[in-house]
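K.L.:
Residue numbers for the sequence shown follow this note's numbering, so the first one is -2 and each next one is one higher.
Just so you know, these hints were derived from the structure itself, not from any lab. Since the model is a prediction, treat every value here as computed from it, not as a measurement. Check before you lean on any hint, since a few could be wrong.
Stated by the list, open to error - Subject to a maximum C-alpha distance of 25 Å in a straight line, what follows is the list of computed PhoX-like cross-link-like pairs (lysine-lysine):
{"hint": "1", "residue 1": "24", "residue 2": "12"}
{"hint": "2", "residue 1": "4", "residue 2": "24"}
{"hint": "3", "residue 1": "18", "residue 2": "8"}
As the list claims (entries may be wrong) - FRET-style restraints, in silico, Cβ to Cβ:
{"hint": "4", "residue 1": "103", "residue 2": "159", "range": "55 to 63 Å"}
{"hint": "5", "residue 1": "55", "residue 2": "144", "range": "56 to 64 Å"}
{"hint": "6", "residue 1": "109", "residue 2": "79", "range": "49 to 57 Å"}
All residues carry an ideal CB built from backbone N, CA and C; glycine is no exception.
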Amino acid sequence: MTQIYLKDSEKEEIKATFREKITTRLKFYLIPGYRVPEFSEMEFEIGKVKSKRKLFRRFLTPLTILGFMLILFIVVLAIYAPWFSTFPLQEITPPEYPGTLSFQPPSIDHPLGTTKYGYDILARLIWGARTVIQAAFIPVFISISGGVILGTISAYFGGWVDSLLMRFCDV
-2 MTQIYLKDSE KEEIKATFRE KITTRLKFYL IPGYRVPEFS EMEFEIGKVK SKRKLFRRFL
58 TPLTILGFML ILFIVVLAIY APWFSTFPLQ EITPPEYPGT LSFQPPSIDH PLGTTKYGYD
118 ILARLIWGAR TVIQAAFIPV FISISGGVIL GTISAYFGGW VDSLLMRFCD V
């Protein structure tokens, strides 16, 4: 049997690490709320992964998926309106007088029926969705652009500039 001889410095180092491990474990078990630094780093990394999963799971409810699919359907319908509608935009604008096909019930030619003036309701819905999405895109784009610009300036300068810009945004 061979004996291992350690230098005094190595013995002290082993004792110090042993003491450190013991005190850390005692603190962990005896002090409520104490966190081991190595565990805290791991918990932080695990927490980031869990928070991403939690955020993703929040959007996996049936109603959320149904709402997302409905909005996606309307956007696709609006973008490809000329392909889905059998009537061009010029034929669905209101005329000066009531047409002969006024208030027709749903049929193969007019799946949702016709209006007082004899125009297809489905075609008007499709072209109307296109107009609404185009009209909504402009204010959203302006708001996002302005927010990014103000946020970047505020973050770069900080201090009183940040406070001033935040009060401006509050107003």
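K.L.:
The structure should be examined with respect to each hint, and the outcome stated for every one.
P.N.:
Now for the hints, and whether the structure bears them out:
For the suggested pair residue 24 and residue 12, the alpha carbons sit about 18 Å apart, so the restraint of at most 25 Å is met. Our distance criterion of 25 Å between C-alpha atoms is broken by residue 4 and residue 24, whose separation comes to about 30 Å. Under the criterion of a C-alpha separation no larger than 25 Å, the hint pairing residue 18 with residue 8 is consistent with the structure, at around 15 Å. At roughly 58 Å, the beta carbons of residue 103 and residue 159 sit within the given window of 55 to 63 Å.
Between residue 55 and residue 144, the C-beta spacing of about 23 Å breaks the proposed range 56 to 64 Å. Our hint of 49 to 57 Å for residue 109 and residue 79 is violated, since their Cβ atoms are close to 18 Å apart.
The structure does not agree with the numbered hints 2, 5, 6 stated previously, though it agrees with the rest.
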